[in-house]
Amino acid sequence: MSLHDTPFDQEAVPRAWPHRHLLDLERLTPEEIRLLLDTASRFKEATDGCRKKIAVLSGSTIVNLFFENSTRTRTSFALAARRLGADVIDFSASGSSLSKGESFIDTAKNLEAMGINAVVVRHGTPGTPHLLAQRLGVGVINAGDGPHEHPTQGLLDIFSIRERLGDLAGVTVGLVGDIAHSRTARSNLWGLIKLGAKVILCGPPTLVSQRWRELGVEVSHDLDAIVPRCDVLNLLRIQFERQNTRPFPSVREYAHLYAMNRDRLKRAKKELLILAPGPINRGVEVTADVADCPQSLILDQVTNGLAVRMGVLWLICGPRESDHCTKSETGHRAGRLV
Amino acid sequence: MPTLLIRGGRIVDPSQGIDRTDDLLVRDGLVVAIGQTAIGKVDETIHAAGLIVTPGLIDMHVHLREPGREEDETIETGTQAALAGGFTSVACIPNTEPPIDTQAAVEFIHQKAMRADTCNVFVVGCVSRNREGKELAEIGQLVEAGAVAFSDDGAPVYDAELMRRAFEYCRMFDKPIFAHEEVLELSRGGVMHEGLVSLVLGLTGMPAAAEEVMIGRDIALAEVTDGRLHVMHVSTAGGVALIRAAKVRGARVTAEACPHHFTLTDEGLRGFDSNYKMSPPLRTAVDVEAIIAGLVDGTIDCIATDHAPHAPEKKMLEFDRAPFGILGLETAVGLAVTRLVATGRIGWPRLVEAMSCLPAQILGVNRGTLRPGAVADITLIDPNLSWQVDVKSFRSKSINSPFDSWMLKGRAVATIVAGRVKYRLV
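Chains as they are written, first to last, in this note's numbering: chain E, 1 to 338; chain Y, 1001 to 1426.
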């Protein structure tokens, strides 16, 4: 397939996507979330299942600005950017002037001054991508800000469900595990609610606050009770590294109460889909046999992550019709001309 | 003998039960009389028609940062900010570097304040040596040097037995302990109020209980020792209820609330702006209403700002690394008038009581009154002046205020210290 045959060539980012950044799903409309998913879908198709290149962002430079460790998200963003023909720079906190005391904003401003188009940022503190977005003139994509949000992960989970089930309206999704410390849970929650799914948050009260009910979602502390009602279970990792104190007495007790295992699977709907954002702790939130069972979408999620990230990168860095670009946007947008 | 005549203002002085339009005559730095001022030569006249004339406002909770953190504020800039906010006196909190736990340190503050020649600076000394919470500071020596109260603010006095001893020991000087109420285990890692907003933002919360449990402890200790407890920056409905109940029982408990705690809620944190980060944190609308109700019924005696400057580069850090603190001095009157008086929740006499008379009483300083013979510390407030907050125009060295660009009603237009006009709004 040559460059000029690609469906996105000569195409401007739709007006229905007015944002310069992707910071969270909470503040997006259902239509914007559908647009993100549809765009990802088209990229998946156009790249033959995320395997081929479609150079719609050639000449663009994307910086992976990771202040926290990551392998899969960083790789996925880098690969997605390269599939779109963009250059990718990896920047990690340990190898930077941050260790010399430079503030994260100064670091990012330095990168900006080098003429980049977008920053993919991961940081341990909620809101850091939002602060960067306020201070930088380039697109900011949140690749996880502490326990706050991880919008592309939420989108790829929803994308994977949608691929199997179609419309999400009326679908019951259980998010199980460390909701308190999970950015994936929050992004899923917002995306699912906005698309009309029924969300059940499940885990011990020390990790699943009653207050979530104020958002209209169901809170349960009994996995056995909710398993038969779920169409999808998303099994979230216990984030030991973010916990000040131990929220349960032992991993053994946690696994006994909340691990998705063969027995529990037997009591679920036959067509139950299983997701896990990874990295998965086999034997803690999910047993090996369940992780590898036919209903598991764990590997679909990885492929779909590429599709979603291609879609997001294009919507943030892709060419815009000049009339819906504000002055401040055009001033900093070094994207290629159509 | 310089003479100052303030003509035709509405004089509000709850210490004498005065609220009427009249003239106020000042001579040689002292109040001479209210009314009957036609006699003698006058050097300067201020026409105060339409203005409120009050005993000079007193902010009993100010962090002047000097010594040690002069990049945030100095005694000079902090007291300038106080004057611009209408305050003729501040009480400075001793969590400086080093902390104010010796006579020499108190002396240093007094010297610097004298040199600044701005407003009165009353010194709060440390409860514990080096603010470590291990052994009592030399409280008697500090009293001799002029300390008016004791506090380890910034942190609670954690050891309950030490706190008990401090209450007992301070009784012989009749000095209050200003308590920062926080159970540290419950607020560990917290950067904002624990509630739905913290849950959604993924920021670690500081539950209301962290404050309330400690208020409960300190009330119990004050009652068992007959000590004087002053609860700083009350922020929760539960805290207000505990203080109300203690006062009913006759405990020697007083309390203050900050303008931000009766104005803002944790919803403000949604933009991740660290100017909304302070301790205790912004709570919920229910708490805001309880604080206002507490100010209305007198459960909360005073309004104090907890003026806590931080240099911009510190506040620009990631949200969890940015320090706690909010400026207060230059927005306090505007917020109090806008939120409490203009809304009809309290009248001017109660506001003046909360910002002048009661702080003077609690600090045990001879201020907060316009009685003949009193030191002529006077604030003139235009109650109807609408103005826009502009942090760039602040006299404070720092700009960490979430109220930038807010429209407020009511502003100090002249601040007079010992008969001298130290600030006039131009």
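Keep in mind that the hints were calculated from the coordinates and are not lab data. Everything numeric in this text was worked out from a predicted model, so none of it was measured. For every residue, glycine included, the Cβ atom is placed at its ideal position computed from N, Cα and C. A few of these clues could be false.
Below, in silico cross-link-like pairs of lysine-lysine (BS3-like), each with a Cα-Cα straight-line distance of 25 Å or less [to be verified]:
| id | chain 1 | residue 1 | chain 2 | residue 2 |
| --- | --- | --- | --- | --- |
| 1 | Y | Lys1314 | E | Lys109 |
| 2 | Y | Lys1392 | Y | Lys1409 |
| 3 | Y | Lys1392 | Y | Lys1315 |
| 4 | Y | Lys1112 | E | Lys109 |
| 5 | E | Lys266 | E | Lys194 |
| 6 | Y | Lys1409 | Y | Lys1422 |
| 7 | E | Lys109 | E | Lys198 |
| 8 | E | Lys109 | Y | Lys1422 |
| 9 | Y | Lys1112 | Y | Lys1409 |
Which chain E residues face chain Y? A few, computed with CB under 8 Å, are given here [unchecked claim]:
| id | residue |
| --- | --- |
| 10 | Pro7 |
| 11 | Gln10 |
| 12 | Leu131 |
| 13 | His148 |
| 14 | Thr206 |
| 15 | Gln210 |
| 16 | Glu321 |
Non-contacting residues of chain E with respect to chain Y, defined by C-beta distances greater than 10 Å in every case (computed) [unchecked claim]:
| id | residue |
| --- | --- |
| 17 | Phe104 |
| 18 | Gly127 |
| 19 | Asp145 |
| 20 | Glu149 |
| 21 | Leu215 |
Against chain Y, run the beta carbon of E/Thr206 and see if the smallest gap drops under 8 Å. 13 Å, violated
Holds or violated: Y/Lys1112 and Y/Lys1409, Cα atoms, limit 25 Å. Not OK: Y/Lys1112 and Y/Lys1409 at ~33 Å, beyond 25 Å, violated.
Does the alpha-carbon distance linking E/Lys266 and E/Lys194 stay inside the 25 Å limit? 30 Å, violated
The hint names E/His148 as touching chain Y; please verify it with the least Cβ-Cβ distance against 8 Å. Status holds, d = 4 Å.
Given the hint that Y/Lys1409 pairs with Y/Lys1422, test it: the Cα-Cα distance must not exceed 25 Å. Since the Cα atoms of Y/Lys1409 and Y/Lys1422 sit roughly 22 Å apart, the hinted pair holds (cutoff 25 Å).
Is E/Gly127 truly not at the interface, in the sense that its beta carbon sits beyond 10 Å from all beta carbons of chain Y? 3 Å, violated
Chain Y versus E/Asp145 - minimum CB to CB distance exceeding 10 Å, so not interface: 7 Å, violated
Against chain Y, with CB atoms and a cut of 8 Å, does the hint on E/Pro7 hold up? E/Pro7 check fails; min Cβ-Cβ to chain Y is 37 Å, beyond 8 Å.
Verify the proposed pairing of E/Lys109 with E/Lys198, using a straight-line Cα cut of 25 Å. 41 Å, violated
Can we confirm that no CB of chain Y comes within 10 Å of the CB of E/Phe104? Violated: least Cβ distance 6 Å, not greater than 10 Å.
Within 25 Å, alpha carbon to alpha carbon, are E/Lys109 and Y/Lys1422? Roughly 43 Å between the alpha carbons, so the hint for E/Lys109 and Y/Lys1422 is violated.
Would you mind confirming whether the straight-line C-alpha gap from Y/Lys1112 to E/Lys109 stays at or under 25 Å? 40 Å, violated
In this structure, the hints that do not hold are numbers 4, 5, 7, 8, 9, 10, 11, 14, 15, 16, 17, 18, 19, 20, 21, in rising order.
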